[in-house]
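J.: Listed below, chain by chain, are the residues.
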Amino acid sequence: MELNDWELVQKCQAGEMSAFQELVSRYHQKVYMVILGLLRNREDALEVAQETFFRAYRKIKSFQGGSSFYTWIYRIAVNLSIDAQRRQKRNPLDFRESMDGLLETQNEVARDPFSDVHDRELRETLLKAINDLTPEHKAVIVLRTIEGLSYKDIGEILGCSEGTVMSRLHYARKKLHDKLSAFL
Amino acid sequence: MRDCENIRESIGSWLDGELSAAESESVRSHLASCTDCGEAQRRLERMHLALKAALTSQAPQIEFTSFWRGVERRINEKRTWYEDLLDGSRRLFTAPRVAWMVPAVIGLLLVLISMDFVPFRGSRNSFASVESIDAYGRSVALLRQPETRTTVIWLYQDQEGENETAEDPAKSAPTF
Numbered sequence: 413m414e415l416n417d418w419e420l421v422q423k424c425q426a427g428e429m430s431a432f433q434e435l436v437s438r439y440h441q442k443v444y445m446v447i448l449g450l451l452r453n454r455e456d457a458l459e460v461a462q463e464t465f466f467r468a469y470r471k472i473k474s475f476q477g478g479s480s481f482y483t484w485i486y487r488i489a490v491n492l493s494i495d496a497q498r499r500q501k502r503n504p505l506d507f508r509e510s511m512d513g514l515l516e517t518q519n520e521v522a523r524d525p526f527s528d529v530h531d532r533e534l535r536e537t538l539l540k541a542i543n544d545l546t547p548e549h550k551a552v553i554v555l556r557t558i559e560g561l562s563y564k565d566i567g568e569i570l571g572c573s574e575g576t577v578m579s580r581l582h583y584a585r586k587k588l589h590d591k592l593s594a595f596l
Numbered sequence: 014m015r016d017c018e019n020i021r022e023s024i025g026s027w028l029d030g031e032l033s034a035a036e037s038e039s040v041r042s043h044l045a046s047c048t049d050c051g052e053a054q055r056r057l058e059r060m061h062l063a064l065k066a067a068l069t070s071q072a073p074q075i076e077f078t079s080f081w082r083g084v085e086r087r088i089n090e091k092r093t094w095y096e097d098l099l100d101g102s103r104r105l106f107t108a109p110r111v112a113w114m115v116p117a118v119i120g121l122l123l124v125l126i127s128m129d130f131v132p133f134r135g136s137r138n139s140f141a142s143v144e145s146i147d148a149y150g151r152s153v154a155l156l157r158q159p160e161t162r163t164t165v166i167w168l169y170q171d172q173e174g175e176n177e178t179a180e181d182p183a184k185s186a187p188t189f
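Line by line, the protein sequences give chains A and B.
Take 413 as the starting number for the first sequence in my numbering and just add one per residue.
Take 14 as the starting number for the second sequence in my numbering and just add one per residue.
Calculated directly from the structure, the hints in this document are not laboratory data.
Please read all numbers here as calculations on a predicted model, not as lab measurements.
Honestly, I wouldn't trust all of these hints.
Keeping only pairs whose Cα atoms sit at most 25 angstroms apart, straight-line, the calculated SDA-like set for lysine to any residue is [stated by the list, open to error]:
| hint | chain 1 | residue 1 | chain 2 | residue 2 |
| --- | --- | --- | --- | --- |
| 1 | A | Lys-442 | B | Ala-72 |
| 2 | A | Lys-540 | B | Ile-119 |
| 3 | B | Lys-65 | A | Ser-437 |
| 4 | A | Lys-423 | A | Glu-463 |
| 5 | A | Lys-471 | A | Lys-540 |
| 6 | A | Lys-564 | B | Glu-38 |
| 7 | A | Lys-591 | B | Gln-54 |
| 8 | A | Lys-540 | B | Arg-55 |
| 9 | A | Lys-423 | A | Met-413 |
If we strip away everything but chain A, and leave its shape as in the complex, we get (with noise of 0.2 angstroms):
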């Protein structure tokens, strides 16, 4: 029988590896997926996914349940995030390339689903514009978008109310929407 997130956290407090490394194998392909969102550049994301699940095993013992392990997992992540974003800012140049990085291996990916031209001028506008956005904001565009969260485990991992997720999301679409209107 499967055990539930909950009775492997339990079993990792008393000192089981075991558990913690199934923790890590059901969660490790969605938290890399955000924090990549949230960092485009592949790498990086896979060193910061990394330490996530090093900081979570770390804190393990202090985790109580009283939100569930993903969205406390996600906290952590999203939190690791936006450090690394903050020093990608004081790197402009490196990011810069590890941007293009990624444009030109995604046009090397065969099942792009931006197969045409003004698609391909979408996405890159569209990958700018998710950059152009402030650390909050793109969080919460990711944490939607990619995972499709409710506005209250969002609310739960950036530490703040639905409200104001509700108004961080609103506002970070009207950004991205001024930016690609052209295409819409």
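Let chain A serve as the given structure and place chain B on it in line with the hints.
T.: Quick look at chain B alone, frame taken from chain A:
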């Protein structure tokens, strides 16, 4: 018109399924009758689809074994106490916090000086200056007159300071 503005602010939350039943019904019925707002809804839906495709199409599948190896390596690495301290201080001293802390500390310092908590050398009819509070040649000076119970806090920019060298500190002294 006012109704359209309110509805457009709610379309995103409506598409996310985050409105109450009454609010949802209000948005739905307005969208059914207003072509402009209906077009705004379709644009928002197109943007959401493009956003989802842009954010998810780039994500490669992560092979678990190598990912776990990286996590395990970090767990098994013993961290020194100063690495932990550095991690903690990075979180504490974020850029916005530092931006508030610097003027707060300067303000606190000035209050302490003006309230005589900080011992000065010399007489009570004192002049004290704290120079070069930032990298742009700005300095702050404090003048106390115990007889009249007056304290003057003076923030000034040393114009000549930009071209001065370290060997000539006398020039950077404020003139009153």
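J.: With reference to the structure, classify each hint as holding or not holding.
T.: For each hint, the structure was consulted:
no.: 1; hint: Lys-442/A <-> Ala-72/B; in the structure: holds, 10 angstroms
no.: 2; hint: Lys-540/A <-> Ile-119/B; in the structure: violated, 39 angstroms
no.: 3; hint: Lys-65/B <-> Ser-437/A; in the structure: holds, 24 angstroms
no.: 4; hint: Lys-423/A <-> Glu-463/A; in the structure: holds, 21 angstroms
no.: 5; hint: Lys-471/A <-> Lys-540/A; in the structure: violated, 35 angstroms
no.: 6; hint: Lys-564/A <-> Glu-38/B; in the structure: holds, 21 angstroms
no.: 7; hint: Lys-591/A <-> Gln-54/B; in the structure: holds, 17 angstroms
no.: 8; hint: Lys-540/A <-> Arg-55/B; in the structure: holds, 22 angstroms
no.: 9; hint: Lys-423/A <-> Met-413/A; in the structure: holds, 15 angstroms
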